[in-house]
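Engineer: Be aware that the sequence shown starts at 1, since it is given in this note's numbering, and climbs by one per residue.
Hint data in this document are derived by calculation from the structure and do not stem from the laboratory.
C-beta atoms are modelled at their ideal positions from N, C-alpha and C, and glycine is treated no differently.
Be aware that a few hints might be false.
As the list claims (entries may be wrong) - DSS-like mimics (lysine-lysine), calculated; alpha carbons at most 27 Å apart, straight line:
#, residue 1, residue 2
1, K134, K86
2, K128, K97
3, K97, K117
Stated by the list, open to error - Taking CB as the label site, the calculated pair distances span:
#, residue 1, residue 2, range
4, T157, P226, 32 to 40 Å
5, V218, G282, 24 to 32 Å
6, G51, H204, 50 to 58 Å
7, D245, T157, 25 to 33 Å
8, A158, M221, 28 to 36 Å
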Amino acid sequence: MVRMVLTLSTEVKTMNQDMESGATRDSRTETIRSPEEVPLYSLVPVRGPEGEILEAYRGVQRQDTKEIVSVMSPRYGLVQHADLVKALHVVGEALDKPETPDRELAASAHFTRESIKLYSNGRRMEMKLVIGKKFKVDGENTFFPAVRLLNSIDGATAVRLEAYSIRVACLNQLHASARSFLEFRELHLASADDLLGQLQAATHEILDHFEDALDTYVTAMHENMPIADFVPSLTGAGIPARHVDRMAQQLPEYFGSTLWGRESRWDLYQLATSYLTREVAGLVNPQRERQFERAAARALLLEGAGEGGEEVPA
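Input sequences plus hints: build the corresponding full structure.
Structural biologist: Here you go:
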């Protein structure tokens, strides 16, 4: 068997330089067309400047490109992106699919039932799955629940499954309650069946609590806020001003830099998420997309909306 060996003094230095400089290949988001195309990774030895094997490190090598994408401790347990994606795909196949005589849904370029993306040079993965169980609040507000599966092979995050939702009328992607996520900080897997079982249980637990998000939406529908607070609330939550200014220009009350009147927090939130879904989501990596999504919810949707936060990187 051929053993792949990483020399720490060269490859690791190059990788770190790429990370610090924001090199194009490192920041690129790769869209993966099917679970079968998700690349595999291997743990490989790491060598020091004199050729000696450094027992304190293991390299994580992407098999299709042969790149070393991260360096970890020898105790690191590699959880393959591919295993997670295939397991959640199986879960999705057993659940209802979104109905499509909904013509807007079938034709929209913004709607994909299942999507898989790699980013940070393949170190991180996001998979989204929309579930075809409709939740209806009123005649204008019907939602599909959805789950987002996250994994990293650089130790940045644990395996995480969290909820979001799709509003059928406009296909905006919405935050679905800060409590609607499950994190697997130590994923002990005896088999593929074990992984499948854990993701099945987690998905059903999120669905069981999805109505918590609907309660949040209904509250926002019945609470008004000054439209003049729209811009400072979003910038205070961390969304860059250049994005917020473009959102504000879509308000009928906008004239120059002046805003007046009151509107429901829900309608203002829909304006913000419409912009983020259509103008921003395809231009940033999934981590930035989630940061924008949470910032908009902090500003306009959740309890304590309008309180400040850290700026989200553009």
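Engineer: Give a verdict on every hint.
Structural biologist: Hint check results:
1. Our distance criterion of 27 Å between C-alpha atoms is met by K134 and K86, whose separation comes to about 24 Å.
2. In summary, the hint linking K128 to K97 is supported, as the alpha carbons are separated by about 13 Å, within the 27 Å threshold.
3. For a cut-off of 27 Å, the pair hint linking K97 to K117 stands: about 20 Å separates their Cα positions.
4. Separation of T157 from P226 is about 37 Å and conforms to the stated range, judged on CB atoms against 32 to 40 Å.
5. A hinted range of 24 to 32 Å holds for the C-beta pair V218 and G282, which are about 30 Å apart.
6. A C-beta distance of roughly 52 Å is found between G51 and H204, which places it inside the suggested range of 50 to 58 Å.
7. Checked against the hint of 25 to 33 Å, the pair D245 and T157 passes, with Cβ atoms roughly 32 Å apart.
8. For A158 paired with M221, a C-beta distance near 34 Å keeps the hint of 28 to 36 Å intact.
Of the numbered hints given earlier, the model fails none.
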